[in-house]
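*Asks:* Each chain, written out:
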Amino acid sequence: MTARPDPAASAATDTAAAETGRRVVRTMRRALRWSLPEILFWLVAFASIFLLPGQHLILTEIAILAVFALSIDLILGYAGIVSLGHAAMYGAGAYAAGLYAIHVTGEPLTGLVVGAAAGAVIAFATSFLLLRGGDLTRLMVTLGVAAVLFEIANKAYRITGGADGLQGIWMDPILGRFDFDLAGHTGYVYCLIVLFLLFLLARLVVNSPFGISLKAIRENPLRASAVGIPVNPRLVAIYTLAGAYAGVAGALFTHTQQFISLDALAFQKSADGLLVLIIGGTGYLYGGMIGALAYKVIQDVIANITPQYWLFWIGLLMVVFVLWGRDKPQRIFATLAARLRHRREGRE
Amino acid sequence: MVTLIFDGLAYGMLLFVLSCGLAVTLGLMNFINLAHGAFAMAGGYATVILTNQMGMPFLWTLPLAFIVAAVAGFVLERTLYVRMYARSDLDQVLFTIGLVFMAVSGMDWLMGSQQQILHLPSFLLGRVEVLGVNIGIYRAFLIAVCGVLAIVLQLLITRTRFGSRLRAAVDDQRVAHGVGIPVKTVFAVTFAVGSGLAGLGGALGAEILGLTPNFPLEFLIYFLIVVSVGGTSSMLGPLYASILLGLADVLGKYYIPTLGSFMIYAVLVIVLVVRPQGLFARAA
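Chains H and E are the protein sequences, given in the same order.
The first sequence begins at 23 in the working numbering and counts up by one.
The second sequence begins at 422 in the working numbering and counts up by one.
Next up, chain E with everything else stripped away, as it sits in the complex (with noise of 0.2 angstroms):
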């Protein structure tokens, strides 16, 4: 039980990591960005090539997979999102749609539509067992990074300048323009880091989630229900989101296997109609 439960808690700091970059793009800049798996997956595949292919130390790829995501982020958010900021829902529901399609059947056409296996170091696999509680080391090594992530990001958002900046923007566009903000400069930023985050999440969750080039669509659901349970407020919304995503899919998925696949979906559900605004939205 204990176990199960630290599995859901690792599985849940995962999609937290996966999907923050999402609560800000979509959440605060209010733009609909279903492509953001596709980030997810070019990060996971940055670190299965490097790992498995060309033999770099797991650890190492884990930046780079990060750095390979946040620069396609920023290139395709200066070249194409750019455009799209100030288009209907509808246009940017089909912009980035189209960009998920062309992700999806581009990787398949790279690396083949087979699941890639991650080849990780031997001292993170295997389990431990402390206070009696038996323990992935994996598991706990994503809770780790995972954890610390969640707080360097809470702490980036409330208490730099950079962040606030970012806030002010989300705001009031106009008005933050009009004080001297560089408004498009914070933008890309955001958008370049919220990549790279996806990246990194899908670099960890190589091993664990299962890596196919139908990633970015499978895991879009995840994303959503995470960014509209969380609400926007801070980042703490999205991180018990994802917390409580994790767990029921996990514990729903042990105790009773036929149904545990639609346990998410309760979650969604029950949220939807308790809290339509989300379990931690700001107060309007």
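Excised from the complex, chain H in its bound form (with noise of 0.2 angstroms):
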């Protein structure tokens, strides 16, 4: 005999299962609803293309450096993956981007295509090597894998000029009318433009319930593939948007300097991408454009005092960082939040 099922109870549950979904697209769209804060960044990022004419140069590299944070966090403050070789993808886009401009056309806008496709290809894969075994092989790859794509830049000459760089780089006007010039004022619109476009991007992408399955498997990923988050094909997932962020970094990177040296497969780029987004915070998204802006300032200062042997300084600046706890400005900042949000709740 078998238990038929009560129609009242039934239509009760659906209810419940219904007011539950809603709860949930309700939190989850909560998250997607700009705040206050949000707003004036974006807006003092754009009015610094009217404010400070004069420093569009440093502007836009502070941008790119941002692309490439942003590609950082993807993986490193949602999905929790250390990489010390994120340059390989960096360095592909903009080789990629840069062989593009010099054999098929200087127009950018494709050109930024092919290099996140590079980025993209080189992240997709090297993933699968990523999935074995834990941190410490983790990091032996990633660094491994950049090491390798230096080597193959350094020893293509033909292609790539290995030590001397790739020059001879013409871009063409963006969309056949804005002129790249010698002050970076196109060049920084371009990339603040880029910038804000893969930032949205990200938004919706670390909100959807892909982005918080992510958070899971960051958490627990035995825990995470228990509730059935198919979590290897996510990993290869992430990896490969990020591949894509930073290959088009690196191509933002050849299209504003019209030159590519071995530098861009570096291991000091990866790090410097490291550093920038652990001074600005991982997990939010914005933690790469204030590492952005404040590693740059940092950089100026300090150049200013003495322009030799930044390495040293920024090792520096890393060892305090850390001892001191990297999460502190990060904790600061929120405790000055809720605290305004608690005085502005307790005026209502």
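Just so you know, the hints here were simulated from the structure itself, not pulled from any lab data.
Computed from a predicted model, the values in this text were never measured in an experiment.
Heads up, the beta-carbon is just placed ideally off N, CA and C, and yes, glycines get one too.
Some hints here could point you the wrong way.
Unchecked claim - DMTMM-like, lysine to aspartate or glutamate: derived pairs with alpha carbons at most 25 angstroms apart:
1. H/Lys318 to E/Asp529
2. E/Lys605 to E/Asp592
3. E/Lys674 to E/Glu550
4. E/Lys674 to H/Glu173
5. H/Lys237 to E/Asp510
6. E/Lys674 to E/Glu639
7. H/Lys318 to H/Glu60
8. H/Lys237 to H/Asp157
9. H/Lys318 to E/Asp512
10. H/Lys177 to H/Asp285
11. E/Lys605 to E/Asp529
12. E/Lys605 to E/Asp510
13. E/Lys605 to E/Asp593
14. H/Lys318 to H/Asp203
15. E/Lys674 to H/Asp186
16. H/Lys237 to H/Glu60
17. H/Lys318 to H/Asp285
18. H/Lys177 to E/Glu639
19. H/Lys237 to E/Asp512
Stated by the list, open to error - Covered stretches of chain E (in silico footprint by chain H; criterion: 3 or more residues with CB under 8 angstroms from a CB of chain H, positions within the stretch not fixed):
20. 505 to 517
21. 680 to 689
Assemble the dimeric complex from its two separately framed chains, guided by the hints.
*Replies:* So, in structure tokens, the structure goes:
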């Protein structure tokens, strides 16, 4: 004898399920809503186009660094993968965009796509090695992949220019209208818009069910797989997406500098990106941008005091920052924000 | 061919001495110490300065290279590293990369960026013919020294009281502490000895590896490969891994000069695909 489901009870379960569903949708939408600080941040960013016309060259560098750090945030802040070789994808994007500009066309927008594709292909191909073994293996694999690409770019000097760098890149105007100028105005607006669009996409991705499943994997891969999250495919997907982002950052570098050196693939590039992100804080997307700004300001200040041995100061910065507690700036902001919100709610 | 294998063997043994300290700190103590190469560099420069500028006999500088690196390791462990043991992997990575950067540019500032040339004593130079095989004397010397070190280390870890204390402390810190093992001291001594061995390796390798301030970054990937390919169950895993890597590198660079520098990565990928837990990993 089989138990007949009671129609009334089943209807109740249905409404309860529907209610839960609605609540989930509401919670997820809330994360997508724009808060005041976020709107202010982007207003200030776009206002810099008009307010700081003399600083556009360094602001371009900051924007590119921010795209690169955003890419690292996707894998480190959301998926918890520590990478020592993110320059691999950055360099791949840079060289791909450079070679495309030399041999095919100097049109920048398709160049961006080529750069993104190059980064994504490298990331996708190497992601399968990442899935094997633990954190130590990941460090080694990412480091190794970047080292291999560096060696290839160094050895294949007929194609890449080797240690002399890739020269002779000429870019066409963007959309056929906006020419890259020496003062870097076009370049900055171009990079800022690309950064903004990539940020919007990343914001959608990390707040989607996909992004939330990544956080679950970061917190506990075993439990994540127990509740039915396909851990490995998700990691491959986010690593590939982050690779595309890094590729775009590389392509932006190529387009605005019109020169690529082996530095784009060097270990220092990866370490820089990691440091930038850590300065700004991981896991909330703005870390890369705030970090890039802070990093360039610090670099500028130190370069004014002592132009040599930048590497030493950057090392010291990393050591002190970690010893002091790298989440402290973020925590201070969080406490301030909480206090503000508290006061506002008290007034209402 | 046999000469090449001999060279590869010497190179591998050298890699073992350089990275066995890391096998203990990273493999056993689970501390991601990417600054390991900096201690090797310290030892290498100590030997170069002592022999070339102060005229000490090369063999006498070897123990001093060990001591310099060990003292540096001990001091850093007590003051800085000890605060990082309980931190996340990311913190350890950033912290030790910071140390590497400081060591690299600090050494650049002190000694300049050019490669240091070590003047070896004449009795270690030259080659001899043994059973029809052409052997470099210094290579043979390396194999002898490193081989003895490997055996001593293996015995030290498996047979002595200190070794069992270390293994206990690594397996479960709290319990080890509870039964009266001075965990902190054991870790500090282990770290110092590991750094000292790296310093000795740097001194021995100054002539064939090439000593520049960039040394810690250049050889980082080799150290990591040795540790993760070798596994950490005993000193034998890293030893086999080092020899495998040394042979692959030397033979690869000789037979396929254009692609030779990729051989170690090929080895790495193959091992990862076939045995992701390392060639000689402890059964989980």
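*Asks:* The structure should be examined with respect to each hint, and the outcome stated for every one.
*Replies:* Hints, verified against the model:
Only pairs whose Cα atoms come within 25 angstroms are accepted, and H/Lys318 paired with E/Asp529 is accepted, the gap being roughly 24 angstroms. Distance hint between E/Lys605 and E/Asp592 is fulfilled; the C-alpha atoms sit about 14 angstroms from each other, no more than 25 angstroms. This hinted pair checks out: E/Lys674 and E/Glu550 have alpha carbons roughly 24 angstroms apart, not beyond 25 angstroms. A threshold of 25 angstroms between alpha carbons decides the hint, and for E/Lys674 with H/Glu173 the separation of about 14 angstroms falls inside it, so the pair holds.
For a cut-off of 25 angstroms, the pair hint linking H/Lys237 to E/Asp510 stands: about 17 angstroms separates their Cα positions. Of the pairs offered as hints, the one joining E/Lys674 and E/Glu639 holds, with about 17 angstroms between alpha carbons and a cut-off of 25 angstroms not exceeded. This hinted pair checks out: H/Lys318 and H/Glu60 have alpha carbons roughly 21 angstroms apart, not beyond 25 angstroms. Under the criterion of a C-alpha separation no larger than 25 angstroms, the hint pairing H/Lys237 with H/Asp157 is consistent with the structure, at around 17 angstroms.
Taking the CA atoms of H/Lys318 and E/Asp512, the gap is about 22 angstroms. The hint holds against a cut of 25 angstroms. About 14 angstroms separates the Cα atoms of H/Lys177 and H/Asp285, which keeps this hinted pair within 25 angstroms; it holds. The straight-line distance between the Cα atoms of E/Lys605 and E/Asp529 is roughly 34 angstroms, outside the 25 angstroms bound, and the hint therefore fails. Using a Cα cut-off of 25 angstroms, the hinted pair E/Lys605 and E/Asp510 holds, with the two alpha carbons roughly 20 angstroms apart.
The straight-line distance between the Cα atoms of E/Lys605 and E/Asp593 is roughly 13 angstroms, inside the 25 angstroms bound, and the hint therefore holds. Taking the CA atoms of H/Lys318 and H/Asp203, the gap is near 22 angstroms; set against the 25 angstroms cutoff, the hint holds. At most 25 angstroms may separate the alpha-carbon atoms for a hinted pair to count; E/Lys674 and H/Asp186 meet this at roughly 24 angstroms. At roughly 22 angstroms between alpha-carbon atoms, H/Lys237 and H/Glu60 fall within 25 angstroms of each other, so this suggested pair holds.
Only pairs whose Cα atoms come within 25 angstroms are accepted, and H/Lys318 paired with H/Asp285 is accepted, the gap being roughly 17 angstroms. The straight-line distance between the Cα atoms of H/Lys177 and E/Glu639 is roughly 17 angstroms, inside the 25 angstroms bound, and the hint therefore holds. For the hint linking H/Lys237 to E/Asp512, the alpha-carbon distance of about 19 angstroms falls within 25 angstroms, and the restraint holds. Requiring three or more residues with a Cβ within less than 8 angstroms of a Cβ of chain H, the coverage given for the segment 505 to 517 of chain E holds, as 8 such residues are present.
Three residues within the 8 angstroms Cβ limit are the bar, and the segment 680 to 689 of chain E against chain H gives 4, so the coverage statement holds.
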